[in-house]
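Protein chains: 8
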Amino acid sequence: QRRGIPEGIFAAGKSAEQVVALVETALETTGRALVTRVTDRQVAALESALDDSFPNATVDRRSSTVHVRTPAFEPPSLDATIGIATGGTVDGPVADEAELVCEDAGATVDRVDDVGVAALDRILDQLDRLRDADVLVVCAGREGALPTVVAGLVDTPVIGVPVSSGYGFGSDGEAALAGMLQSCTVLSVVNVDAGFVAGSQAVLIARAIDDARD
Amino acid sequence: QRRGIPEGIFAAGKSAEQVVALVETALETTGRALVTRVTDRQVAALESALDDSFPNATVDRRSSTVHVRTPAFEPPSLDATIGIATGGTVDGPVADEAELVCEDAGATVDRVDDVGVAALDRILDQLDRLRDADVLVVCAGREGALPTVVAGLVDTPVIGVPVSSGYGFGSDGEAALAGMLQSCTVLSVVNVDAGFVAGSQAVLIARAIDDARD
Amino acid sequence: QRRGIPEGIFAAGKSAEQVVALVETALETTGRALVTRVTDRQVAALESALDDSFPNATVDRRSSTVHVRTPAFEPPSLDATIGIATGGTVDGPVADEAELVCEDAGATVDRVDDVGVAALDRILDQLDRLRDADVLVVCAGREGALPTVVAGLVDTPVIGVPVSSGYGFGSDGEAALAGMLQSCTVLSVVNVDAGFVAGSQAVLIARAIDDARD
Amino acid sequence: QRRGIPEGIFAAGKSAEQVVALVETALETTGRALVTRVTDRQVAALESALDDSFPNATVDRRSSTVHVRTPAFEPPSLDATIGIATGGTVDGPVADEAELVCEDAGATVDRVDDVGVAALDRILDQLDRLRDADVLVVCAGREGALPTVVAGLVDTPVIGVPVSSGYGFGSDGEAALAGMLQSCTVLSVVNVDAGFVAGSQAVLIARAIDDARD
Amino acid sequence: QRRGIPEGIFAAGKSAEQVVALVETALETTGRALVTRVTDRQVAALESALDDSFPNATVDRRSSTVHVRTPAFEPPSLDATIGIATGGTVDGPVADEAELVCEDAGATVDRVDDVGVAALDRILDQLDRLRDADVLVVCAGREGALPTVVAGLVDTPVIGVPVSSGYGFGSDGEAALAGMLQSCTVLSVVNVDAGFVAGSQAVLIARAIDDARD
Amino acid sequence: QRRGIPEGIFAAGKSAEQVVALVETALETTGRALVTRVTDRQVAALESALDDSFPNATVDRRSSTVHVRTPAFEPPSLDATIGIATGGTVDGPVADEAELVCEDAGATVDRVDDVGVAALDRILDQLDRLRDADVLVVCAGREGALPTVVAGLVDTPVIGVPVSSGYGFGSDGEAALAGMLQSCTVLSVVNVDAGFVAGSQAVLIARAIDDARD
Amino acid sequence: QRRGIPEGIFAAGKSAEQVVALVETALETTGRALVTRVTDRQVAALESALDDSFPNATVDRRSSTVHVRTPAFEPPSLDATIGIATGGTVDGPVADEAELVCEDAGATVDRVDDVGVAALDRILDQLDRLRDADVLVVCAGREGALPTVVAGLVDTPVIGVPVSSGYGFGSDGEAALAGMLQSCTVLSVVNVDAGFVAGSQAVLIARAIDDARD
Amino acid sequence: QRRGIPEGIFAAGKSAEQVVALVETALETTGRALVTRVTDRQVAALESALDDSFPNATVDRRSSTVHVRTPAFEPPSLDATIGIATGGTVDGPVADEAELVCEDAGATVDRVDDVGVAALDRILDQLDRLRDADVLVVCAGREGALPTVVAGLVDTPVIGVPVSSGYGFGSDGEAALAGMLQSCTVLSVVNVDAGFVAGSQAVLIARAIDDARD
Ligand SMILES: Nc1ncnc2c1ncn2[C@@H]1O[C@H](COP(=O)(O)O)[C@@H](O)[C@H]1O
Ligand SMILES: Nc1ncnc2c1ncn2[C@@H]1O[C@H](COP(=O)(O)O)[C@@H](O)[C@H]1O
Ligand SMILES: Nc1ncnc2c1ncn2[C@@H]1O[C@H](COP(=O)(O)O)[C@@H](O)[C@H]1O
Ligand SMILES: Nc1ncnc2c1ncn2[C@@H]1O[C@H](COP(=O)(O)O)[C@@H](O)[C@H]1O
Ligand SMILES: [Mg+2]
Ligand SMILES: [Mg+2]
Ligand SMILES: [Mg+2]
Ligand SMILES: [Mg+2]
Ligand SMILES: [Mg+2]
Ligand SMILES: [Mg+2]
Ligand SMILES: [Mg+2]
Ligand SMILES: [Mg+2]
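Chains as they are written, first to last, in our numbering: chain H, 1 to 214; chain G, 215 to 428; chain Z, 429 to 642; chain E, 643 to 856; chain U, 857 to 1070; chain A, 1071 to 1284; chain W, 1285 to 1498; chain Y, 1499 to 1712.
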C-alpha cells in the first residue's frame, strides 16, 4: 500500500492459492484487497476460502477485477468526482479496474459508457457530465480517439487509457497508445489496459483537490 | 500514364536535370506533367528550362507539388465532386498533391481545410459540404482521428491519408496510419503522405460515378 | 447500423451467450445480423437459440462469418457489381466476410478465386471478369502482390486486403500490408484480415454508382 | 488557445517568416505567444520583426523555447506550485518547455535540476521540495527511471516526460517511454520530449487545485 | 560442458522423455545436470526415472530450474561471493536459475530479494550486503531500474538481467532490457530472463577472482 | 578476396583518402578493385590519384559503383549467363553493383531493365531472355513483387534483391524484403540494396555450373 | 507443382481431413506428396486413410515433415550433392524439411549435424564434407552465425536458413535472420524456418549443375 | 566520477564551447578528462583552449575519443590485463573508446585487431593472446558473431560490444546486438557502440582481480 492506494494484486499468471494467500494478507493488514485480471477459477477459490477465513467480507466483482473488504474497512471520504468514460463494451473491464480503485479511495465516480467517436452525438449528449467531473479517465480501444475528442470539449485534466482491441496492424492497443501520445489536445496517458494505474493517478489528483477543498 | 491518371514524377532524390527531362518527356507524350516532392531549386530549373522548350506551358505549384500543362492538354470533364479535408496546416502539402491529381482528371474539388478534431464545431460547421461530395479524401496527422470522425458523419466513401507530423512515439505518420487502419468506422487508407495515391483512387471512383451518370 | 451497413458483430473473444444476445437484438431492430470470426461452438449455440426465438430465420455461414436474416429483411436492390478476388485458399475466409457484407447490401458479387501471382495465366484468364466489375476487393496473403498486379490490369478502383498467412519475418499479414501500401500501382487498403471493412467500403462505392445510375 | 493554455507554436520545420507571422497573430489575439523547438535563426528573425510590430514585447528564451508577451498580457494568478525535476543537463530544454507553460499560467514553479538516479543522495537531499509541490513534472532520458523513483517517495501526482537521449537500442527516448509506462509506481506519461504537453497537463491539475482552494 | 559451466538443458518445448534422457547422459558424463524452464510434468517424469537409474541422486528444484547431482559430483570450492538481487517475486524464478549455476560452481551466493525501486529504503537497508559481494547479478522486470540504482551505490561489477513481466507497451522484458542498455551507470547485460547466462558470466568472473586470490 | 570474388570496398562513410589507399592496395595485390557506394568527390580523388600511381588502370563507373583494373588483370572466362532484371530506374544502382561483380568474374551478363509488375506485358515480352539465363538476380523496390512474378515464370534459380525506395510504412526496402521472404514462389534473398552480395552469390552458382560444363 | 518441385502442403492450421484430401489429390496427380508442419494427429489420420486409398504408398516422416510416394513415383536421378548442415538439435526439423525436398528431386544429400559455432573444432572436422557438396543449406538458430562461418571456409554457394529458437530479444529466429542478412561473407537467405524453400532453391541450383554435367 | 571511472564527456550534440568547459572542469577536479564522439572542430577548439588553461596537459586522441590529462594525474597501477578484440576496421573507434578507459585505469591493454569471423585462421592465430587476458572486450559489427566465436575458445569472461555498421535489415548494430544476446556461448553485452561502458565494466572486473592479487 503506497500513497493510500491499495497494492493491487495482479492475478494473471498466479495460481488460485497464491491469489488467496495474497488477499488474506491484504485483508489482515489493510482491511481490503484489490485483485486485477482474475479468472473465474481464481474467484471461485477466493470466495470459498473467504467463507472460512473472512466470512463477513464483501466481494465486489466487476469484469476481471475484484474488490474485497471486511466490515472494518472504512473507505476514506473524498470530496471529488472522477469521471470515467468508455467508447464501447470492449473498454468495460479496463474502466472497471479504474472504477474500483476510485471507489476504494472514497471518490464519487461518474461512469459514462458507450460514447465512442463513431457517433459523436452520444458524446455531445453527455457533455455536461463530462464537464462536471474534477478529473476524467477516458478508456478507448481501436484507434483510441475518444480521449482526444473529449479533451477538446472540457477544461478538466484527462487521463487516456488505451485498450487492447481490434486486430491487424496497431492492434493490442498499440494504435490507441500511439494516438493518445500524439494527441493534438492535452492528455496524459498510461500503458495499454492500465485501468488500475489510471484510476490510481486520478485518485492522487482527486485527493489533492479534496485537500484544497477542506 | 496508367488508368488515365498521370504518371507522377517523384522528385525527391532526383537531380534538377532529371526532373526537367522527365517533365519534358511527359509534356511531349501526354500534354501535362505532375511532379511531387519538389524543391525550390528543382522548380527554378524547371521554369527556366520550360521557357525554352515549352514557352506556352502553364506551371501550377501548390506546396511541393507542381502541375504543368501545355495549351494542348484538355482536362477531361468529369461530372463528380471530390471533397478534400485537412485537420491543420501541416496536412496542406499532402492535400495539395491529391487536389492537383483530381483537377488534372477534370473533377470538381471541394477543399475543406482546418477542421481538426480538437475543435469539433469546425467539423460540424462544414458538414453539408462534406456530405455533398461524391467521395472524400481526408488528410490528418498526429493521432489521425479526422477520417474516423468524418466517416461517422457521412454516407460517402472516405479515403484516409495519414500525414507525417508530430514527434516521439508514433511520429512520422505511424500513429495516424495505425489509427486509420484500426478505425471504428469504415475507411480505406493509403500510405503515409500518399496524397498522390489517395487523389488517384478518388479519381477512379469519381470516374465510375461519372460513367454511371451518363 | 451506420451508413446502411450492418453493424458487424465481432465474435472473437465473446462468449456464446453474448453472441446470441447481440444477434437477437440485431434481428429485432434491423431484421438481420452479420457475425464475423465465429467458432463452431458459437454457431451451434446460435442455431439452437434461434430455433426458439426466430424459428424462421435463415442462417448463412461461410467460413467464420455468419449472416442471419428474418423473412422480414429485404436486401436493398443495388445495381452494381463488386468483384472479389483471392490468391489462394488461405484467403477464402477473409473474402467470405467481404462477400456477405456485399450480398447483405444487395450488390451483385462476382467471386474469382485462386488467382495467386505465382501462376500469372490464371489471372490473365479471368481478366474480363475483373474488368467488368464496378469495384474490386482483392485479398492476398504472404507477399500480397495480387492487388498490385490486378490494379495494373484494370481501370476499376481496387481495395486491397492483406491476409494474415505465412510464417517468419513479415508473417501475420505484415508483409502483405506493407507491400500494398507501397504498391507501384494505385490502391487503397484496409487492415490485415479486414474483409468486413473492405466489403463495406466497396458497398459505399457501389451505392454511389447505383445512385448515379438511377 | 484551448483550456486557457496558449496554443503552442511548433517551430521545427517552419520558415522564420512563418514563425514570425504566427507569433504576431498570437500576440494580437491573446497578448502572448509560446514557441517551441526554435532555432537561433528563427529567434533572430523574430526579435527583429518584433522591434517593429511589438516594440514593447518581452522575449523570454530558455533553450529552444521562447515566451513572448506584450505588456497587456497579465498572467492569471494561480495559487498552486508545480515542481519540475530533471535527471541531467540533457533534460533541460524539455523541462524549460514545461516551465514556460506553467509560468504563463501563473503557477509557482519549483525547478529541481540534476537529480539523476545514478546518485540517489541528490534526490534524497531535495525530497522536501519534491513533496511540497502540488503536482510534479519529472523529465528523464536514457533509462528514464527518475519519475519512478520520485513517485515512490511522494504522495503528489507525477507526470513523467521521457527525454530523447542516449544511443543504440532504446535511444530517442524509447527506453525511457517504455520504462515510464511499465513503472512499478503510479505515473501518467506524455510523449517523448513533450515538455509542452506535460506542463499543460500540470496546469490543468494546478488550476483544479487552485479552484478548490478558493 | 564448456568453461566448467554445466551445459544447461533447456526444457521448454522438449518432451519429458527427451529431458530425462539428456539428464541421464549429463549425470553419467559430468555427475550433475542443470535443467531450466521445466514443467511439473517433466519434473515428475524425471524423479520417477531417476529412482531407477540414479537412486542416489539429489534433486534440487527452485521454481522452474532443477539441479541434479550424484554423490560423485564434488562442486569445486570457489573463494568468491556472488550477490543476487531481485526487485519482486516475479523476478524469483530468473534469479533461481542464476543461483543454481553459481552454487554448482561452488561460489558463495548471497541472495537479496524484494528490493524493488518503488521503495528505496529496502535497497538502502541491504547496501552492506550488496557492497560485500565480489560480483552482482541484479534481476528486475517492468521498468527494470534496479540494476541502475544498485550500480550507482556499489563498486562491484553488476550484471543486469531483464525479467519479462508487466503488460502493454514494453512488456515481455523489452522495457527492462532497453532501460538496462541505456543505463546512466555502468552495467553489462544479458538477454531477457537469461538467469542462466548471467549466473554463468558471474561464475567466470568469480573464478578469475578466486584464481587471483590463490 | 575470398572465393575468387573481389573484396568489395564499401565507400560510404570513408574519406576519399581512405578509399584511394584501399583501392591502391587492392590493385597491387589482385590487379583490380571494386568500390561500392561512392560519391562524386571520392571518384574524383580516386581518378586523380590513379593518374600517378596506376596510369594504365581502367576506371569503369556505373551509378555509385566503380570497377578499376590494371592491364595485368585478366578476368577469368566463365561459361555461364547471369540475368539481371530491374523493375524501374530506382533499382538501377543496385543492379549495377551486381553487374560489375559478375563481369569481374568473367560471366556473361544479360541485363533486362524496366520490367516492373505494374505493366505485366513488359515482363512477358522479355520472358525468353529471363528463361535463357543460368541464374537470375532480380532487383525491385516498393512492394518488391518482381522476383516473385519472375520466379513463377522460369525454372532458373532466382536471387531477390530488395531495393530501398518509396516512403511511409514499409519504405527503405522493408516491404520489399518482407515480401520476398514471404514469396509464394521459390526465392532466396539478400539484404536491402545488397547488389554486391547478390552478384557474388550468382557468381558462385555460375562458377559451379561452369565447372560442371567443362 | 511448379519448377519440378512438389507443391508443399503446409499442414499447420489445417484439419486432418483437409490434409488427407490434399495428399490424396497430390498422389493421384503427381505420385507423391510433401507435407510440412504436421502434428501426430494429422499423421495418424493420414496413415489410416492411406491404408484404404493408397495401400502401397510409402510414408517417410522426419520430425514434422512427411513425404509420401506411391510405387509409381520415380524420383528423377540428379547428379549433384546438396550438403545440409545444422548447428544443434533444435535445427533438426527445419533441416529435415529441406532434406526431404532434395531427396524427392533425386539429389544426393550429405547431412552434417551438430556443428554449432560454440565449438569450432566440430566444424573444422567436417570441412572436407562441406567443401565437397555442390551447394550447401546451412540451418542455425539463436545468433545464427553458422552459415557465416561456413561460407568463410568453402567456395560453394551457401543458403542460410534462420531457425526460430532462443528466447528474449531476437528470438523467433529474428536475430538469426538479421545476422545472416548482415553476414560479412557471401550468403543468400530464406525466411525463418523455411527449410522447404531452402531445399527447393538448392534443388534448382543442383539441377542447373546436373544439366551442365550432362 | 563514479567507481573510479572517469565521468565520460559525451561530445555528440554539444557545442565546442560546452565540451571545452566540461573538460576544464574535469581537469581541475580529477586531473584528466575522457571525451567520446568528438568532431575535428571540437578537438581543435579544445586544443586551442588548453594551450591557455592547461598548457602542460597531454591530449591523446584515438578516432573519436580523446583522453586529456595533466601531469598531476597518476593513473593507478592495476595488475591485470584487459584484452580488446575487433573484427574489422569499422570496429576500431568503438574499441578505442574502451581502450582509453582501460588505460586511464592503469590496466594493461592487449589489443587484437582484424580477427573477423570471415577468416577463422586469423582468430586461431591469436588464440594465446586472447586466452592470456584476464577479461575480454570483443567488438563486432554486421552479424556480430565474433564474441560468440571467441567465448567458445577461452575461459575468460567476455563482454560483447555490438558495433553499428552494415546497411539494410539489422543495420545500426541491431543484428549484432540481437546476435550477442542470443549467443549460444556465455557473454554479457553492452549497448550498440558502447565502448565506453564495456571498457568501464572491464575495469571494474580487472580491479576486483587486482584486489584479489594483492
Ligand atoms: N492491473 C495492474 N496494473 C498495473 N499494476 C498493477 C496491477 N495490478 C497490480 N499492480 C501492481 O503491481 C505490483 C504487483 O506486483 P507483483 O509483485 O507481481 O504482484 C504492485 O505494485 C501492484 O500495485
Ligand atoms: N508522391 C507519390 N506517391 C506515390 N507514387 C508516386 C508519387 N509520385 C509519383 N508516384 C508514382 O511512382 C512511380 C514513379 O516511380 P519512379 O520510376 O521511381 O519515378 C510512378 O508509378 C508514379 O506514378
Ligand atoms: N535458460 C537458458 N538460457 C540460455 N541458455 C541455456 C539455458 N538453458 C540451457 N542453455 C544453453 O542452451 C544450449 C542448449 O541448447 P539445445 O541444444 O537447444 O538444448 C546449451 O548451450 C545450454 O548451455
Ligand atoms: N514449409 C513451407 N514453407 C514455405 N512454403 C511452403 C511450405 N509448405 C508449403 N509451401 C508452399 O506454400 C504454398 C501453399 O500455400 P497454401 O495455399 O496456403 O497451401 C505452396 O506454394 C507450397 O509449395
Ligand atoms: Mg474507440
Ligand atoms: Mg490531426
Ligand atoms: Mg498471395
Ligand atoms: Mg535519466
Ligand atoms: Mg522492477
Ligand atoms: Mg518494384
Ligand atoms: Mg546456432
Ligand atoms: Mg563482424
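Just so you know, these hints were derived from the structure itself, not from any lab. Just so it is clear, the structure is predicted and the values come from calculations on it, not from any experiment. Don't take every hint at face value.
[Claimed, not checked] With a straight-line Cα cutoff of 30 Å, these simulated BS3-like cross-link-like pairs (lysine-lysine) come out:
| no. | chain 1 | residue 1 | chain 2 | residue 2 |
| --- | --- | --- | --- | --- |
| 1 | G | 228 | E | 656 |
| 2 | A | 1084 | Y | 1512 |
| 3 | W | 1298 | Z | 442 |
| 4 | E | 656 | Y | 1512 |
| 5 | H | 14 | U | 870 |
| 6 | H | 14 | Z | 442 |
| 7 | G | 228 | A | 1084 |
| 8 | U | 870 | W | 1298 |
[What the hints assert, rightly or not] Chain A regions said to be covered by chain W (calculated; three or more residues, Cβ under 8 Å):
| no. | region |
| --- | --- |
| 9 | 1073–1082 |
| 10 | 1251–1264 |
We treat Cβ as the ideally placed atom computed from N, Cα and C, and that holds for glycine.
Now for the hints, and whether the structure bears them out:
For a cut-off of 30 Å, the pair hint linking residue 228 of chain G to residue 656 of chain E stands: about 23 Å separates their Cα positions. The suggested pairing of residue 1084 of chain A with residue 1512 of chain Y holds, with an alpha-carbon distance near 23 Å, which does not exceed 30 Å. As the CA atoms of residue 1298 of chain W and residue 442 of chain Z are separated by approximately 23 Å, the hinted pair is consistent with the 30 Å bound. Restraint check for residue 656 of chain E and residue 1512 of chain Y: the C-alpha separation of about 23 Å stays at or below 30 Å, so the hint holds.
Distance restraint check for residue 14 of chain H and residue 870 of chain U: the Cα-Cα separation of roughly 23 Å lies within the 30 Å cut-off, and the hinted pair is therefore satisfied. With a CA separation close to 23 Å, the supplied pair residue 14 of chain H and residue 442 of chain Z stays within the 30 Å bound. Distance check on the hinted pair: residue 228 of chain G and residue 1084 of chain A sit about 24 Å apart at the alpha-carbon level, within 30 Å; holds. Proximity of residue 870 of chain U to residue 1298 of chain W is assessed by CA-CA distance (about 23 Å); at most 30 Å being required, the pair is judged to hold.
Counting residues of the region 1073–1082 of chain A whose beta-carbon sits less than 8 Å from any beta-carbon of chain W gives 3, enough to reach three: the coverage restraint holds. Against chain W, the region 1251–1264 of chain A contributes 10 residues with a C-beta closer than 8 Å to a partner C-beta. That satisfies the three-residue criterion, and the hint holds.
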